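K.L.:
Each chain, letter by letter, is given below.
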Amino acid sequence: MQSAIDTNKIETEKRFTINELILEHKTETFKQFVEKAIEVEGVIKEITFRNDKYTIILSEKNHNTLVLCEMQIDQNQKMTKLNVDEKIKIKGVLKGVLMDVIVLNCIILEK
Amino acid sequence: MNKFLLLLLFVFSDNYLPASGEYIERQGQVMFFSYTSVENIQAENNQVNSLFKPETSEIVVSVLMRAFVFKKSLMHEHFNESYIESDLYPKATFSGKIIDFDPSIKGVQTRLIKGDFTLKNTTKPVEIKAKIIAEDDTYKIEGALSVLVEDYDIKVPPLLSPNIAKKIDVSFNFKYSPYEK
Chain A
34 MQSAIDTNKI ETEKRFTINE LILEHKTETF KQFVEKAIEV EGVIKEITFR
84 NDKYTIILSE KNHNTLVLCE MQIDQNQKMT KLNVDEKIKI KGVLKGVLMD
134 VIVLNCIILE K
Chain B
49 MNKFLLLLLF VFSDNYLPAS GEYIERQGQV MFFSYTSVEN IQAENNQVNS
99 LFKPETSEIV VSVLMRAFVF KKSLMHEHFN ESYIESDLYP KATFSGKIID
149 FDPSIKGVQT RLIKGDFTLK NTTKPVEIKA KIIAEDDTYK IEGALSVLVE
199 DYDIKVPPLL SPNIAKKIDV SFNFKYSPYE K
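Chains A and B, in that order, are what the protein sequence lines are.
For the first sequence, our numbering begins at 34 and goes up steadily by one.
For the second sequence, our numbering begins at 49 and goes up steadily by one.
I should point out that these hints are in silico values taken from the structure, not numbers from a laboratory.
Just so we're clear, the structure is a prediction, and the values are computed from it rather than from any experiment.
Just so you know, even glycine gets a beta-carbon here, dropped at the ideal spot from N, CA and C.
Hints are not guaranteed to be accurate.
Computed cross-link-like contacts, SDA-like style, restricted to lysine to any residue with a CA-CA straight-line distance of at most 20 Å [unchecked claim]: (1) K188/B with F82/A; (2) K69/A with K188/B; (3) K119/B with I106/A.
Facing chain A, according to a computed beta carbon distance under 10 Å, are these residues of chain B, among others [claimed, not checked]: (4) I72; (5) Q77; (6) Q90; (7) N94; (8) V96; (9) N97; (10) K101; (11) S121; (12) H124; (13) H126.
Bound-form chain A, shown alone (with noise of 0.2 Å):
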């Protein structure tokens, strides 16, 4: 199922490395970007394609916690020129927590 939302016309709120992404998760402040666009940089783990839908898992070397980053359809050929342990910078809507940081309707910025 396509979404409603298309990221590229959504302003970014806040910028972050994924290792601040991940502390960040752990505070109040949280919170207040629920909802909102983000920029989370940092190195694939892992690329998945399920249910149609890609979605590029980022990981921190000192932390379990993952950033699950689900894809926009519009980026599915980008995709297959991606690997894993390449830097990548993703903008997003984050949705919240649960073992991983999920963010959506994600789109890719630089590689």
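Knowing the structure of chain A, use the given hints to seat chain B on it.
P.N.:
Relative to the frame of chain A, chain B by itself:
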């Protein structure tokens, strides 16, 4: 580890690390459908967390409500702001056990999962008919259940009442791998 403790750790601590013998799904799919003569509403969530312990047949699931995707942004807004109140109740959870599950069987087992489903701080016992597929070193669990809107304190304004079904059909599809640090 008993079921209650496992659930508490899984649901309330984002530092919880699964133990040996536990299988994890970080990107499970949960879909729901509301069918009425006025409108059909469908949503899907592809980032659902679940742990499964074949040895004890225990299963726990945690669903981030804001991660449901809708076709229309107004539906997404109504769902999170009015019906579910996602700021107050960000997660739905399930904790239960597969009845008569046999971990030694490879292939398909159709079984009943009995447990407690919690949504908006209301917990109700549920029974789910599910298919469990053991393949190599993974488990797939698929199933469906119905959720009554009135059971979970979901307040639908009278004006929108004809648009929302009294009974919501929920289906899920999880694929578990052994947890590796």
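K.L.:
Compare the structure with each hint and give your call.
P.N.:
To see whether the hints hold, each was checked on the structure:
1. Distance hint between K188/B and F82/A is fulfilled; the C-alpha atoms sit about 16 Å from each other, no more than 20 Å.
2. The suggested pairing of K69/A with K188/B is violated, with an alpha-carbon distance near 33 Å, which exceeds 20 Å.
3. Pair hint K119/B plus I106/A holds up; C-alpha atoms about 13 Å apart against a cutoff of 20 Å.
4. Given hint, I72/B at the interface with chain A, holds; its Cβ is 8 Å from that chain's nearest Cβ, closer than 10 Å.
5. Hint status for Q77/B: holds, given a least beta-carbon distance of 5 Å to chain A, under 10 Å.
6. With a cut of 10 Å, the hint placing Q90/B at the interface with chain A holds, because the nearest CB-to-CB distance is about 7 Å.
7. Below 10 Å, beta-carbon pairs count as interface contacts, and N94/B has one with chain A at about 5 Å; its hint therefore holds.
8. Against a cut-off of 10 Å between C-beta atoms, the interface hint on V96/B holds, since the closest Cβ of chain A lies about 8 Å away.
9. At about 4 Å, the closest approach between the beta carbon of N97/B and any beta carbon in chain A falls short of 10 Å, and the interface hint on this residue holds.
10. Annotation: interface hint on K101/B violated; nearest CB of chain A at approximately 16 Å, more than 10 Å.
11. At its closest, the beta carbon of S121/B sits 4 Å from a beta carbon of chain A; the interface hint therefore holds under the 10 Å criterion.
12. Look at H124/B: its Cβ gets to within about 7 Å of chain A, closer than 10 Å, so that hint holds up.
13. With a least beta-carbon distance of about 13 Å to chain A, the hint placing H126/B at the interface is violated under the 10 Å criterion.
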